[in-house]
Amino acid sequence: MTIRITRRQALVGGAGIALAGAAGIKAPAIAQNAPIRIGGLTTLEGPFATGGQDAYRCVQMELERLNYTAGGRKIEFIRESSNAQADVALARARKLIEQDNVDIILGPLSGAEGIALRDYSRTLTGKSIVNGSSGASDTTLRNPSPNFFRFSTDGTQWMAGLGNHVRKTMNIAEVAIVAGDYAFPYAQVFGFNLEFCRAGGKSTQYWAPLGTTDFSAQIAQINRSSVGALVVVHGGTDGLAFMTQYAQAGGKLPLIGGSIMADATMLSARGPHRSVMMGMVSGGPIADINDDPNWNDFVARYRARWLKEGGFQSPSIHGVNYVTNLQGILAGLEAVRGDLSGNQAAFQKAMSAAKFKNPMGAEVSLDKNRQAISDIFLNRIEERDGRAQTVAFARASQVNQTLGVPEDRFLALGAPSRDNAGCIAG
Amino acid sequence: MSRPAPAIIGSVAALALLVLAPALLLAVLPVNQAQFWTANILGRALVFGIVAMSLTFLATYGGFVSLAQMTVAGIAGYTVAIFVQGAVPTIVGGFGYPAAIALGLAAATVSGALVGAIAVRTRDIYLLMITLALAMGVFRFIETNITWFNGYEGIRNVVGPEMFGLPFRNTYVFYYSALGTAALLYAFVLYLVRSPFGLVLQGIRDNPRRVAALGYDVALHRIASFAVAGFVAGCGGVLATFYNIGISPGSIGLGATVNILIISVVGGLWHPIGAFVGALVFAVFDTFAATIYDRNRFNTLIGVVFLAIVLVSPDGLSGLVRRIAGLLHNTVPTGSRRR
Numbered sequence: 001m002t003i004r005i006t007r008r009q010a011l012v013g014g015a016g017i018a019l020a021g022a023a024g025i026k027a028p029a030i031a032q033n034a035p036i037r038i039g040g041l042t043t044l045e046g047p048f049a050t051g052g053q054d055a056y057r058c059v060q061m062e063l064e065r066l067n068y069t070a071g072g073r074k075i076e077f078i079r080e081s082s083n084a085q086a087d088v089a090l091a092r093a094r095k096l097i098e099q100d101n102v103d104i105i106l107g108p109l110s111g112a113e114g115i116a117l118r119d120y121s122r123t124l125t126g127k128s129i130v131n132g133s134s135g136a137s138d139t140t141l142r143n144p145s146p147n148f149f150r151f152s153t154d155g156t157q158w159m160a161g162l163g164n165h166v167r168k169t170m171n172i173a174e175v176a177i178v179a180g181d182y183a184f185p186y187a188q189v190f191g192f193n194l195e196f197c198r199a200g201g202k203s204t205q206y207w208a209p210l211g212t213t214d215f216s217a218q219i220a221q222i223n224r225s226s227v228g229a230l231v232v233v234h235g236g237t238d239g240l241a242f243m244t245q246y247a248q249a250g251g252k253l254p255l256i257g258g259s260i261m262a263d264a265t266m267l268s269a270r271g272p273h274r275s276v277m278m279g280m281v282s283g284g285p286i287a288d289i290n291d292d293p294n295w296n297d298f299v300a301r302y303r304a305r306w307l308k309e310g311g312f313q314s315p316s317i318h319g320v321n322y323v324t325n326l327q328g329i330l331a332g333l334e335a336v337r338g339d340l341s342g343n344q345a346a347f348q349k350a351m352s353a354a355k356f357k358n359p360m361g362a363e364v365s366l367d368k369n370r371q372a373i374s375d376i377f378l379n380r381i382e383e384r385d386g387r388a389q390t391v392a393f394a395r396a397s398q399v400n401q402t403l404g405v406p407e408d409r410f411l412a413l414g415a416p417s418r419d420n421a422g423c424i425a426g
Numbered sequence: 001m002s003r004p005a006p007a008i009i010g011s012v013a014a015l016a017l018l019v020l021a022p023a024l025l026l027a028v029l030p031v032n033q034a035q036f037w038t039a040n041i042l043g044r045a046l047v048f049g050i051v052a053m054s055l056t057f058l059a060t061y062g063g064f065v066s067l068a069q070m071t072v073a074g075i076a077g078y079t080v081a082i083f084v085q086g087a088v089p090t091i092v093g094g095f096g097y098p099a100a101i102a103l104g105l106a107a108a109t110v111s112g113a114l115v116g117a118i119a120v121r122t123r124d125i126y127l128l129m130i131t132l133a134l135a136m137g138v139f140r141f142i143e144t145n146i147t148w149f150n151g152y153e154g155i156r157n158v159v160g161p162e163m164f165g166l167p168f169r170n171t172y173v174f175y176y177s178a179l180g181t182a183a184l185l186y187a188f189v190l191y192l193v194r195s196p197f198g199l200v201l202q203g204i205r206d207n208p209r210r211v212a213a214l215g216y217d218v219a220l221h222r223i224a225s226f227a228v229a230g231f232v233a234g235c236g237g238v239l240a241t242f243y244n245i246g247i248s249p250g251s252i253g254l255g256a257t258v259n260i261l262i263i264s265v266v267g268g269l270w271h272p273i274g275a276f277v278g279a280l281v282f283a284v285f286d287t288f289a290a291t292i293y294d295r296n297r298f299n300t301l302i303g304v305v306f307l308a309i310v311l312v313s314p315d316g317l318s319g320l321v322r323r324i325a326g327l328l329h330n331t332v333p334t335g336s337r338r339r
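Protein chains in written order, with UniProt numbering: chain H, 1 to 426; chain V, 1 to 339.
Don't read these hints as lab results, they were simulated from the structure.
Here the structure is a predicted model, which is why all the values come from computation and not from measurement.
Even for Gly, the Cβ is constructed at its ideal location relative to N, Cα and C.
One thing to keep in mind: the hints can contain errors.
Not everything, but these chain V residues come out facing chain H in the computed CB check (under 8 Å) [what the hints assert, rightly or not]: (1) Asn32; (2) Gln33; (3) Phe36; (4) Glu143; (5) Ile146; (6) Gly151; (7) Tyr152; (8) Glu153; (9) Gly154; (10) Arg169; (11) Asn244; (12) Ile245; (13) Gly250; (14) Ala290; (15) Asn299.
Negatives, chain H to chain V, calculated, CB over 12 Å [stated by the list, open to error]: (16) Leu66; (17) Asn67; (18) Thr69; (19) Asn223; (20) Ser226; (21) Ala269; (22) Asp297.
Throw the hints in and build the complete structure from the sequences for me.
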């Protein structure tokens, strides 16, 4: 095939490409007394895109409230996006640190990305990575990095109290668990089973890779079994696909949800999944309805700012987690009056010592691995104001990363994985 | 390639430019900007370019458009990660970097030959589909196999060997390793296509029946060309694994597979140089699209740019340069030599 092009076509095409190339080369000027640069990293593509968008909404809202200042210095927020894959998150983090010259990264959103950035943060000096919403337990539990901070709780912590509730209060002896096949659901399943199996329960796990769209084989198997309840630890579009197919297959089991299942990103989506999700019990760091002035104020501000611009009725779990971590950064900056000199040593020390109340009204502080100790809520999905909402009905206070189990014993249980789902009897 | 002299001069000039690139960038950009460009734009482009060149080699000289090259690269990366000391989690471990790299390249060569053997009777769209199926099969296998590949998280902390007492992730160590590897492989491919083997390969591309009638074993040559491409892709895969401090299924998924095809097509499928031209454009846009354009919709910009390139020049950017050079000499090149 031979295509002839005229001289003019070739020149216009060439000029266009040259222009596009030049636009990418511009280098930001580095001034004295420059603003503090915070790089945001979340996923705006892939299964968690809606959660990632909400994370930036909430962060932007908080920074607008503070007029983009902290500790007496201006803050510049630079956004980046990954697609929930570790290598893309790493490439974006490198761009933020090395090209945009940020002082602090706020992110990422998903578990595998968190572990990749934890490893990357170890190679950095004078920079901090503060988690966004990723909740794999190993990010901070095993081999933590001195430059990686997490003010949000991890997936295991989010299940505190749920296993006991299902076994003791709901009196269910056996459950089927469907979960994503990656670090964050491992942590959630581990946390649930830890309590549930110790209280005499029995569980069977069904794993599916992130991005799975067809769950019909799993659902058929579950509907044939004789379990008393179904625990769903999917999120984003995976969760939607699972719940839609479960509803269409006529599923009737009582539902127990993972934390990113019972969330505004799920409840605001339209479809048959909504009918079966009513009454679902879940655990996690947030609930739509929670009687706390902090939360009611946060929700009111969120609605006023974002309801007309694509926001949810209530902020999502990712939005709240990003804001909680942003609060940690801001608390550190306030404590050192915006002084990041000395390779951020003073700033990092201040972050480690930070104590504050997050938007849910939960007390947040860090342990020796720079991992949050905070409050966890038990929620039920109820119809309120004509729509499904999560309502907090119990709170587990000051949950640490080992759910109160002594650390050496908890570590001896091994890292959560598909083969180590935490179901230890007795 | 009837004009070897200008081609060689051009190649040497390009190599000299790339060798001096870190110093040149340092002259025009602030220090850390220059480092970023050296490692994360140029270095990354070289690594992607190596993988894409394995596809360009197959497509240009054999007429086989394979979608399995990123998979083969990933197999090399995973092999290194599985065997090398210090990876987290340790799967086999215990090997030093030289041994692990050798194993990785051997695995890539063998798996390249295997892809060739499986796809040996297919052409055109059927070859595309069977290699895509293989790529997705391997991707799912790796993603769901926790024991060998640690599933979705992949294997991390593969930091690369120390060279001259410096860690591999040092900007210049990484850049010059990538550049050296790319230059050697590029010369190797150019040499190979002029050798009897390469000529037979081009004969197969143009008319496999005639080549068979001359007494050559078409299938064997095909499989061998896939093995060579596997080795080339494997070198890129090992470097990419060191660059990413590890490897996870995302590195070999559908997105990564298609990226390699995009790189090859944008750069031009008429000559191996196209792979590196395409990779450079890809690295620049992949990194800066979100800075130039709306954060939520930067993929649109990437798509539009690539569409524009393919529309303006069907044989890619490197083909466009050739056309402009032809126009200046008042001759219109006849386009790519096949179809």
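Quiz item: Hints broken by the structure, by number, lowest first?
Solution: Nothing - there is no hint that the structure violates, so all of them hold.
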